[in-house]
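Heads up: the sequence lines are chains A and B, in that order.
No gaps in the numbering here: position 234 of the first sequence is 234 in our numbering, and each next residue is one more.
No gaps in the numbering here: position 67 of the second sequence is 372 in our numbering, and each next residue is one more.
Hints listed in this document are in silico derivations from the structure and should not be mistaken for laboratory results.
Source: prediction; values computed, not measured.
Be careful, since some hints might not be right.
[Stated by the list, open to error] Subject to a maximum C-alpha distance of 16 angstroms in a straight line, what follows is the list of computed EDC-like cross-link-like pairs (lysine to aspartate or glutamate):
1. Lys156(A) / Glu85(A)
2. Lys3(A) / Glu474(B)
3. Lys4(A) / Asp310(B)
4. Lys4(A) / Asp369(B)
[Claimed, not checked] Facing chain A, from chain B, some residues (calculated, C-beta under 7 angstroms):
5. Pro368
6. Ile373
7. Val378
8. Thr382
9. Lys385
10. Ala387
11. Gln392
12. Ala396
13. Val451
14. Ile484
15. Met486
Just so you know, even glycine gets a beta-carbon here, dropped at the ideal spot from N, CA and C.
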Amino acid sequence: MVKKALHFALFLAIISTIAGGALAYVNSITAPIIAENSIAAEKANLQIIFPTATSFAPMEVKDDESGLITAAYTAEGVGIAYKVEVLGYAAPIKFLVGFANDGKIVGLSILELKDTQGIGTRVNTPEFIDGVVGKTTSDGIATLSGATVTSGAVVKGIDAAKAHFNALKGIKGGTGGVVVPPLQFGDPIKVFTTTAGTVVSKTVDGDVTTYIASGNGYKVVEGYEGAKANVFEIKINTATKKVVSVKFVEMNDTKGIGDKIDAEEFWSQFVGLDISNQDSSIDAVSGATYTSQSVVKALRAAIED
Amino acid sequence: MNRLDNFKAGFIRENPVFALYLGLCSVLAISTTLNNAVGMGAAVIAVLVLSNVIIAAMRKITPDEIRIPVYIVIIATLVKIAELLIQAYAAELYVALGVFIPLIVVNCIILGRAEAFASKNTILDSAIDGIGMGLGYTAGLILISVIRQILSSGVLNFSNPFTQQMIFEIRLIPQNFVIAMFSQPTGAFLTFALIAAGVEYLRTRPAKKAKEVK
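Looking at chain A on its own, in the form it has when it is part of the complex:
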C-alpha cells in the first residue's frame, strides 16, 4: 500500500517536473517577445504624447502609494509617460499622461472612457485637456464643473503620476492637488419677488438684528419625504437698511450640490445689499439654483419681519 502511494507520488512528481521544464523553456523564448509586444501596443499612444521621442522603454514603478499607476514608459531624453487607471463615474478610466523632464505636462491621452456621453466625456475634449497640458507637475488642476466625478478621478490619477514623477526627479513643492473650479453664477434672483421663508428666531443687538430664518430648498420644493428647509443666519443693520452677513446654519439639500453655494464668492453678494431697494437681486449659483433661492427666501422673511 505504502509502496503504491510512493509510486503514484513519484510518477506525478516526474510528470510535473517535465511539464515545468517544458514551460520554463517556452517561457524563456517567448518572454522577451511578449514584453516587446506590450510596448508596441502602447507605442502609437506614446508617440502622440512625445512626437520627438525615438525610443521608449518600460519603467518599473515602485513606491506608488496611490496604486493607480499601471505602467510607466520613459521616452529617451524627453520625459516619462504614465499609464493610469482610475475609477470614473461609471467605469474605470484609463489614460496616459506625459511629463517632460523639466516637469511640464506635455500630453494627456484618454485611452478608455465609458462615463456618461456629454458629461463625463468632457474630460476627453480640449476644454479639459487644454487645462492640463502646459501646466507643471507642481500646479494644481481644476476639475470640470458639472462633471466633477469624472474629471476629479482623472485629476486624482494625474496627481498620482505627478507625485511619482516629482519624487523621482527631486522636484519639490507638491503636486498642487485637485483644484475646485471657480463658482459659476446663473440667473439673478430678485429678492422682492421671491416667496418669503420663515423667521425662526430674532435677536437685537443695537442696530444689528440677527435673524435665524429658513427657506425651502430643493428637497422641500420637490416634495422629498421628510425634507427640511435650509436654515440661515442673517444679520441686518436696521439703521442703514443693509445686510451685514448671511451664512449657513443648516444645509438640508443634496450634499455635494446644495453646499456648492457655501462659498465666499456667493455670500459676499449679500454683504451691503440694500434691503430698501425693491430691485435688489442675487446671482444664483449655477447647478444649485434651488438652494440659492432658499437663501433669498430666508432673507425676504427676515426683511419682512
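For chain A, the structure is supplied; the task is to place chain B on it using the hints.
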C-alpha cells in the same frame, strides 16, 4: 472501426460541438469573427492532438488511479505553452480570445477524448482521433462564427493573425440591414440552437428510416 471512419466520426456523427455538446462555453463566447474561430480552432487542434499522443504513449505506464491528475497536468502544460506562443506571435488574437485560451484546459473535448479514446488506443489512432475531433470542433466554430459575423456586421473578412494583414474582405449585407444582436450572446445561442437542431435531424433521420423498413 477503421481509421477513416475514426477520422470522420468527429465531423457529423460525433461532432464535439453539435452532437456531443462539448466545449460549448468557448464556442458561444468567441464565435464572433472568422479570425477568432480559426485561431481558437488551431489552438484546440494543436493541444488536442499533442495531448492525445502523449497520453496514448503513456497509457501503459500511467497508474489507473491517478490518471486524471496526470492528464490535467499534461493538458495544462500544453495549453500554457500554446497561450505563451499565441501571446508572443499573434498578439491581436491573444487579445481577442482573452480568457478562453487558458480555459482550453477545462475544455471538455480534450479531457473527454483523453479519457474516452487516447487512454485505450495506440498513438497513431489517438493522433487521428485528435485531428478529427479538433477539425470537427473547428468546423463547428467556423460555421457559427461565419453566420454570426455576416449577420451582425454584414462583412466577412479574414486577416493573417501573425501580421494583421487583411487576406480578404467582402461585404455581403449593406450596413443598414445588419442585425447587431448576432454579435451578442443572444445571437450565439440562437445560431447554435438552430444548427444543432439541423444536425440532430441529419443524425437521427437514417435511423428512423431503418426502423420503418423493419
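*asked:* So, against the hints stated earlier in the document, which numbers end up violated here?
replied: The structure breaks hints 2, 3, 6, 10, 13, 14, 15; every other hint is satisfied.
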